[in-house]
Amino acid sequence: MRGHCGLFFESYRAEAAVFPSRFQRVSLGLFAAALLLCPLALSGYAMSVLNLILIAVIGAVSLNLLTGVCGQISLGHGAFIGVGAYAAAQASLHGAPFLAALLLGGLAAALAGMVFGVPSLRLKGIYLAIATLAAQLILEYVFLHWESVTGGSRGLLVNAPRIFGYAFDSEHKQFYLLFAITSLCLLCVTNVLRSRHGRAFVSIRDFYLSAEIAGVNLFATKLAAFGLSSFLAGVAGGLWAHYTMFVSAEQFNIGLSVSYLAMIIIGGLGSVTGSVMGAAFMTLLPEFLNAGSSALSGVLPGIGGQIVALREGVFGLVLVLFLIFEPEGLANRWRLIKAYWKLYPFAH
Amino acid sequence: MEYYLQLFINGLVVGGIYSLVALGFVVIYKATKVVNFAQGEMVMVGAYVCFGLTVQLSIPFVWAFLMTLGFSVLLGLAVERMALRPLIGEAHICVIMVTIGLSSVLKSLVQLVWGTQIKVYPEVLPSTPVVVAGLPVAPVYIAAFALSGLLFAVFTLFFKYSRMGIAMRATAHDQQAAQSMGIGIRGIFALSWCIASVVSTVGGVILGNINGINSHLGVLGLKVFPAVILGGLDSLLGAALGGLIIGVLENICDGLAKDLFGLGGFREVAAFVVLVAILMVRPYGLFGTEEIERV
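Residue numbers (the working numbering), protein chains in the order written: chain V, 1 to 348; chain U, 349 to 643.
Okay, chain V solo, but in the shape it has when bound (with noise of 0.2 Å):
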């Protein structure tokens, strides 16, 4: 029965429903309404942006599921993406059709998750973190050295991505798509997050011990977690190397796992609806620094200069920042929010 104050459940089913309210389902078609009609109204600038923002999307969480629902540190996801982007890039340079080559870059990603996933079944905590570290700077180096694969330092040309000979050849075309493509991900991780396996790897980050006592098996659902999380960054990977039409060693350093850590940390360590805040948030922040620095340039000359140092120290700040006084992340401020506002004048 749905009271007039609070959401009451008669059955587990209705609980777990991914939607459970109808304000919700009303306001989430509201807002991917609002989304897709975007086009229409914006500039290609904007759209570019706003396709950044749907990719950094599926990123961050594919390695909230790994890092925030099953607890495993990883330091490796920038080059887990980096396996997807190339995979997919030659899958499409030997004629796959775009869907089949995003499926290869996921599954080669997932791969590559799962075998530097292995050492977690004995490594915890910061050993973890570090042993996924060596897996970045390997992968790194191996972007770059293995050239009859990758190219180089010269990289790979891929063309825009084509589905059924439709070809998705202006920002406006691909946000659609890429639209598509984000919310089939974000479903996938929402019904395997209640499923039996999402319980599985929420009850490996609270204590293994107790995990592997009810019935969970450690090591498989560790590596599950590598598989799926390293699958969907493939796929992420695949869809920023048809975007960009470009894929090159540099794009997937250590920086590119760092910003997407802290995506899920700015946004709400296990949550779906952080993960997006914080995709949001960080694909923004350069671009708002960029406005920012080209309106100061007028008045402190030299600035566009430092534009880069400027970038990756504010960066580093709001990350020390959000750690130190908002350590739950947005999703958590967004809730307080809609707490604060629902019984408002007699908040109690």
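Just so you know, these hints were derived from the structure itself, not from any lab.
The reader is advised that the hints may include incorrect statements.
[What the hints assert, rightly or not] No more than 25 Å apart at the CA atoms, straight line, and that leaves these computed lysine-lysine pairs for DSS-like:
| no. | chain 1 | residue 1 | chain 2 | residue 2 |
| --- | --- | --- | --- | --- |
| 1 | U | Lys-508 | U | Lys-381 |
| 2 | V | Lys-124 | U | Lys-381 |
| 3 | U | Lys-378 | V | Lys-124 |
Using the hints, position chain U against chain V.
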């Protein structure tokens, strides 16, 4: 063969610097259980401050060096107080990320002040090479090695005999027990960050004297991980040996990869391949304490 001997000696010198940075890392980890990803950036800041004092303000090197040490004490204190203390007791990932954020901030500050160009230190030691084992070696290398050795001796004695050092070891062993014996934990945490900062600064100044400095010096901080994992995360001796071994190993592997497979730049990853192997076989390293879990 002579080529490899040269590589070996180069490896020892680079390894000496890795050891210094690793020492700082281990001191922090031992006392506070924080994994510091900003260690390399602390090296870089120290090197740049010393550069600024000697070259830009033309203060004599010895005074500049002492002032840099003073600065690094303040830096260590500030970092511990402002960034790390609010996070005591938080999850691993939060602490790791705060040090990563810190490394970005430090790096960008250096770039904003000094730019990204390579900077060359003034010559402090004579440049005529000294012959060691039939090979010419620059005096600065020998000085670097000797200084690293000296610092290690000092810190080993400090931890073994001084009151403060014993308090730090007690804190590392069991925080609650140490606290109940009247040891001020906060002071210990602050002190360990100071020591780490000072030691990294020394490493940075030595490095600046050898190669000059640029804003990518911070990458050095990543090289410390293989060294400390090899030696054991909480062992000073392990950090010393691990640093030397990793330095030698990556130089020799680089030479071998170039000779046998024609692969360039293998130096960058050799240490990490070793790292993965160690983690698989012996995650607590050569001298680290093995964590035993019983249910």
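These are the hints, each one checked on the structure:
For the given pair, U:Lys-508 sits about 20 Å from U:Lys-381 by alpha-carbon distance, which is consistent with the 25 Å threshold. Simply put, V:Lys-124 and U:Lys-381 have alpha-carbon atoms about 14 Å apart, close enough for the 25 Å limit, and the pair holds. Between the alpha carbons of U:Lys-378 and V:Lys-124 the distance comes to roughly 18 Å, so the proposed pair stays at or under 25 Å and holds.
Of the numbered hints listed earlier, not one is contradicted by the structure.
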